[in-house]
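Student: Chains as they are written, first to last, in the numbering used here: chain A, 375 to 437; chain B, 37 to 286.
Source of the hints: derived by calculation from the structure; they are not laboratory data. All of these numbers come straight from a predicted model, not from anything done at the bench. One or more hints might be untrue.
What the hints assert, rightly or not - Some chain A residues near chain B, calculated using beta-carbon distances under 10 Å:
hint: 1; residue: Ser383
hint: 2; residue: Ala386
hint: 3; residue: His394
hint: 4; residue: Tyr397
hint: 5; residue: Tyr402
hint: 6; residue: Val413
hint: 7; residue: Pro416
hint: 8; residue: Ile424
hint: 9; residue: Ser425
hint: 10; residue: Val437
Ideal Cβ positions, reconstructed from N, Cα and C, are used throughout, including at glycine.
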Amino acid sequence: MGDIAIQFSSLADFLAMGTHGFYVWSAYGISAVVVVGNVLAPILRRRELISAIRRSEARKRSV
Amino acid sequence: MYEKLKRFYHQLGSPRYFYHISGHFLPWLAVLASLLLLVGIVWALLFAPPDYQQGHSFRIIYIHVPMAILAQSVYMLMAVAGAIGLIWKMKVADMLAKASAPLGASFTLLALVTGAIWGKPTWGTWWIWDARLTSMLVLFFLYMGIIALHGAIQNVQNAARATAVLALVGVVNIPIIKYSVQWWNTLHQPATFKLTEKPAMPPEMWVPLLITLLGFYVLFALLLLMRTRCEIIDRERSSKWVRQLVIAQR
């Protein structure tokens with residue numbers, strides 16, 4: 375492997391990605407949104423399931 | 037040894053045992069996925085050299101290729117799990133298959149969307165009815181069909197059976213995706229990674245790609261376990277162990 379170095383001279387240069395900033399950042403941005411959604415979905419579903427089961431258990435005990 | 041393996045396989049078929057054992061893996065998978073993706077993405081965006089023809093737009097490869105590979109692997113896993121559920125009536129296999137579908141659909145969608153975004157500056161078009169693109173779109177529709185079928189059938193066992201059959205029929209599309217770039221060589225470039233040849237890229241480019249690919253695989257394993265565990269809680273909610281588990285949760 376050759377030398378590994380940062381390929382950009384400044385932050386502005388990094389954000390511009392040559393002339394392809396829009397394409398690179400929209401691809402990475404959309405992917406980040408989908409990944410975060412995929413992680414949150416089972417966490418929220420688990421929380422919902424547990425509170426729903428707990429509620430029905432409480433109802434059963436009060437009857 | 038064989039007997040032990042057989043016993044382990046049968047134990048895994050028990051939702052309660054699967055729930056218990058998978059719980060131990062979650063933190064390790066989360067740490068490993070975060071590390072691999074952090075290193076891979078930073079390397080991909082900052083340190084990988086730009087392509088001499090495509091410039092920096094080539095950095096989209098670090099998302100696009102892992103998503104496209106994963107989309108197909110997840111489909112195969114879903115079909116195999118569905119088949120196991122069909123043949124041996126293994127409940128956990130049905131749940132794994134069901135949990136795979138939305139993940140596979142989202143990866144296929146990302147492969148298509150990042151491909152379109154990459155195609156615009158590279159080919160001059162967002163979309164073309166190239167064989168690779170079209171067969172990936174068919175894969176997306178297969179996933180959506182399976183998700184819709186799960187939603188449409190109330191009975192859990194019937195839904196598992198119907199979706200498993202649909203998934204198995206759709207397997208035909210997987211070799212079409214793989215060989216599409218050879219059979220109809222139009223616009224999409226050939227495979228990036230092949231098992232039998234060295235990549236056409238220098239290691240400065242493909243090592244980070246391998247890292248993001250591994251990272252997304254581990255992330256998928258984590259998400260699959262999380263979703264399957266939800267499915268187990270849902271379906272076993274009237275069993276004593278789930279009720280005790282819920283009470284113990286604070």
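Student: Each hint needs a verdict: does it hold in this structure or not?
Tutor: Hints and how they fare:
For Ser383/A, the interface hint is violated, the least distance from its beta-carbon to any beta-carbon of chain B being 12 Å, above 10 Å. Violation of the interface hint for Ala386/A is found here, the shortest Cβ-Cβ separation to chain B being roughly 13 Å, above the 10 Å cut-off. This hint holds: His394/A has a C-beta 4 Å from the nearest C-beta of chain B, less than the 10 Å allowed. Of the supplied interface hints, the one on Tyr397/A holds, with its beta-carbon coming within about 5 Å of a beta-carbon of chain B, less than 10 Å.
The interface hint given for Tyr402/A is met, as the beta carbon of that residue sits about 7 Å from the closest beta carbon of chain B, less than 10 Å. Proximity of Val413/A to chain B holds as hinted, the smallest CB-CB distance being about 7 Å (cut-off 10 Å). At a threshold of 10 Å, the smallest CB-CB gap from Pro416/A to chain B is about 4 Å, leaving the interface hint in force. With a cut of 10 Å, the hint placing Ile424/A at the interface with chain B holds, because the nearest CB-to-CB distance is about 5 Å.
Restraint check, Ser425/A versus chain B: the minimum CB separation of about 9 Å is within 10 Å; hint holds. Interface hint at Val437/A: violated, since its Cβ lies 16 Å from the closest Cβ of chain B, which is beyond the 10 Å cut-off.
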